[in-house]
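Number of protein chains: 2
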Amino acid sequence: MTDQEMPTLHDIIAARPHVYRYLKPTPLYRYFGLSELIGANVWVKHENHLPGGAYKVRGAVNLVAHLSRKERDSGLFTASTGNHGQGIAFAARAHGLRATIAVPEGASPGKVAGMRGLGAEVVFRGPNYESALEWAIGAAAAQGGRLVDATEDLIIHGVGTYGLEIIEELPEVDAIIVPVASGSGAWATGIVAKTINPRIQLIAVQSAQAPAMQRTWVAGKPVTVAAHTVADALGVSVPFEKTRPFLRKYLDDFVLVDDGAIEAAVLLLLEHTHNLAEGAGAAPLAAALKLRDRLAGKNVVLVMTGGNLSIDRLRKLLAQPVSVAATQG
Amino acid sequence: MTDQEMPTLHDIIAARPHVYRYLKPTPLYRYFGLSELIGANVWVKHENHLPGGAYKVRGAVNLVAHLSRKERDSGLFTASTGNHGQGIAFAARAHGLRATIAVPEGASPGKVAGMRGLGAEVVFRGPNYESALEWAIGAAAAQGGRLVDATEDLIIHGVGTYGLEIIEELPEVDAIIVPVASGSGAWATGIVAKTINPRIQLIAVQSAQAPAMQRTWVAGKPVTVAAHTVADALGVSVPFEKTRPFLRKYLDDFVLVDDGAIEAAVLLLLEHTHNLAEGAGAAPLAAALKLRDRLAGKNVVLVMTGGNLSIDRLRKLLAQPVSVAATQG
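Going line by line, the protein sequences match chains E and G.
Heads up: the first sequence is residues 1 to 329, going by this note's numbering.
Heads up: the second sequence is residues 1 to 329, going by this note's numbering.
Wrong hints could be hidden among the right ones.
What the hints assert, rightly or not - Label-pair distances were calculated between CB atoms; the ranges are:
| # | chain 1 | residue 1 | chain 2 | residue 2 | range |
| --- | --- | --- | --- | --- | --- |
| 1 | G | E121 | E | I196 | 38 to 46 Å |
| 2 | G | V223 | E | A14 | 28 to 36 Å |
| 3 | E | P109 | G | P171 | 49 to 57 Å |
| 4 | G | D312 | E | G39 | 23 to 31 Å |
| 5 | G | D312 | E | G297 | 30 to 38 Å |
| 6 | G | F32 | E | A14 | 25 to 33 Å |
Hints in this document: simulated from the structure, not taken from any laboratory.
Glycine residues also receive a C-beta, built at the ideal position from the N, C-alpha and C atoms.
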């Protein structure tokens with residue numbers, strides 16, 4: 001496959017009418033407290049304000065808009081830890097299609113309830129994303145359904161619209177920090193940022209307790225590592241093959257942060273923005289705190305990719321003895 | 001003063017270019033879990049997604065856009081429990097003006113930090129909103145500044161834009177539920193709703209622990225009642241005179257809910273929407289739960305006016321023995 005066939009800025013621009021038929025652009029807010037904390041000018045891109053509380057829905061509504069009549073009639077099959085599934089469920093409902101979503105057995109109850117509330121059929125299949133994916137591939141083949149891959153081109157085109165919103169609203173952005181699971185968000189943001197201004201730094205982050213994609217990026221070849229992170233949306237152990245060359249091409253850096261740093265970032269975001277971030281959505285702040293020296297004085301955008309933290313986890317976080325004041329000190 | 005001189009739908013439409021110069025329309029999302037809970041079709045209007053985390057900023061940016069050169073140069077003075085002040089601070093910063101905001105001594109630290117982060121001068125004056133207001137009036141007079149009243153016409157014009165967004169996005173809305181402190185939001189929403197479709201029910205809610213505005217509405221004359229609510233934005237003890245006749249004119253009902261019901265609603269909103277609501281922003285859900293029978297099957301919009309709950313209060317709420325599951329049963 002040549003570069004010409006791969007998603008381009010043009011594809012992302014073309015996705016906009018389909019995305020904005022159902023979704024509004026999300027806010028990009030500057031936070032003065034976070035800026036002081038990091039020693040940079042810090043904005044948060046609020047993808048947590050989208051329906052389903054995560055950026056994934058952008059890709060889903062674009063994909064569904066492009067399906068053939070046959071694909072629409074056959075129903076959608078996909079696998080997800082939750083946010084991609086909520087996006088597909090939202091898009092399927094908007095277009096009146098059936099959607100079947102396979103999730104790992106430990107999937108977030110809130111995300112599962114969100115998918116079912118939107119009318120999707122949710123099935124629990126195996127211990128992790130990979131086992132759920134295997135089932136979805138088989139079920140789509142057996143039932144003649146349309147398998148939706150979380151990293152297929154039409155998804156990337158839709159997801160890229162958030163990067164475009166960032167650069168249009170803040171052309172002077174120096175660095176964008178995104179969490180990585182499949183790599184769809186980082187890939188799409190890379191297309192936009194590097195095509196428009198190659199000097200924009202694109203930094204990815206993953207949990208040190210689920211580092212498969214980061215290790216793969218460093219090694220330049222697939223590295224499988226067991227995932228044990230508290231950030232359910234980052235629970236990837238087998239690296240996604242399709243996004244690999246593009247993460248190599250577009251990322252300026254790819255850092256790991258410990259789950260503890262991610263949880264501290266959830267609390268800091270709650271304190272400073274009054275937004276609930278899930279682990280993946282808070283990871284960019286943890287990365288920015290780690291990279292303080294390099295980011296000093298720059299215009300930095302943290303992508304809050306999702307807000308679907310469970311109330312149980314929030315309760316546990318708030319009950320921990322370490323106060324937010326202490327982590328701020 | 002005649003009705004002709006009072007804010008109209010035309011004024012609110014005219015405020016839109018000024019409001020949308022700095023702000024984006026907020027999302028109106030349907031929540032299936034909340035809908036089941038109430039037995040109605042329930043949408044939440046996410047005013048908590050605005051800068052400063054509350055609807056007040058809509059009025060502030062419209063007001064500041066209309067100031068004379070003399071008023072701009074003289075600086076702004078106002079009193080606030082927090083959200084109005086954050087709105088004024090945002091608008092003043094956007095236009096490069098000085099703003100001095102008097103707050104009660106117990107004002108929310110997060111809201112105070114928000115105002116200061118935006119460059120406003122914050123002074124603590126007395127035990128409540130009324131004492132802060134008294135100081136602001138005197139200081140504006142002594143220093144030749146522009147006093148900003150939280151219920152003046154230019155504020156109402158800007159605030160009304162959220163009501164217009166609701167009706168444009170959901171023309172089939174049957175009922176809108178708004179919390180009341182000064183009454184600016186309820187007044188502005190009344191202008192929009194009742195001018196466009198008088199059959200839209202407009203329901204106001206206040207804490208039973210701070211019922212001055214509700215008692216005033218029922219009695220048809222000012223009733224002062226001490227305020228002891230956990231919802232700081234609802235802490236009004238002396239009723240606002242200017243909004244009184246319009247609340248009489250526009251409200252179909254005005255209900256009281258206990259602080260305990262408000263706090264349960266904060267947790268329900270966290271569970272179902274993954275948004276953090278402050279007490280005022282959660283009060284409409286508490287009201288809807290109280291009015292279940294009357295709302296059955298209707299299209300109901302809950303206005304989440306603000307999201308500035310302190311992390312300390314959230315921690316206390318989550319540590320309480322009553323589980324969310326129990327309140328849902």
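Consistency of the hints with the structure:
At roughly 40 Å, the beta-carbon separation of E121 of chain G and I196 of chain E lies within the given 38 to 46 Å, and the hint holds. Look at V223 of chain G against A14 of chain E: about 60 Å separates their beta carbons, and that is not inside 28 to 36 Å. Taking the beta carbon of each, P109 of chain E and P171 of chain G are about 35 Å apart, not inside 49 to 57 Å as hinted. Checking the proposed 23 to 31 Å range against D312 of chain G and G39 of chain E shows it holds: the Cβ atoms sit about 26 Å from each other.
At about 32 Å, the CB distance of D312 of chain G to G297 of chain E agrees with the hint of 30 to 38 Å. As the Cβ distance of F32 of chain G to A14 of chain E is approximately 32 Å, the hint placing it in 25 to 33 Å holds.
The structure shown violates the earlier hints numbered 2, 3.
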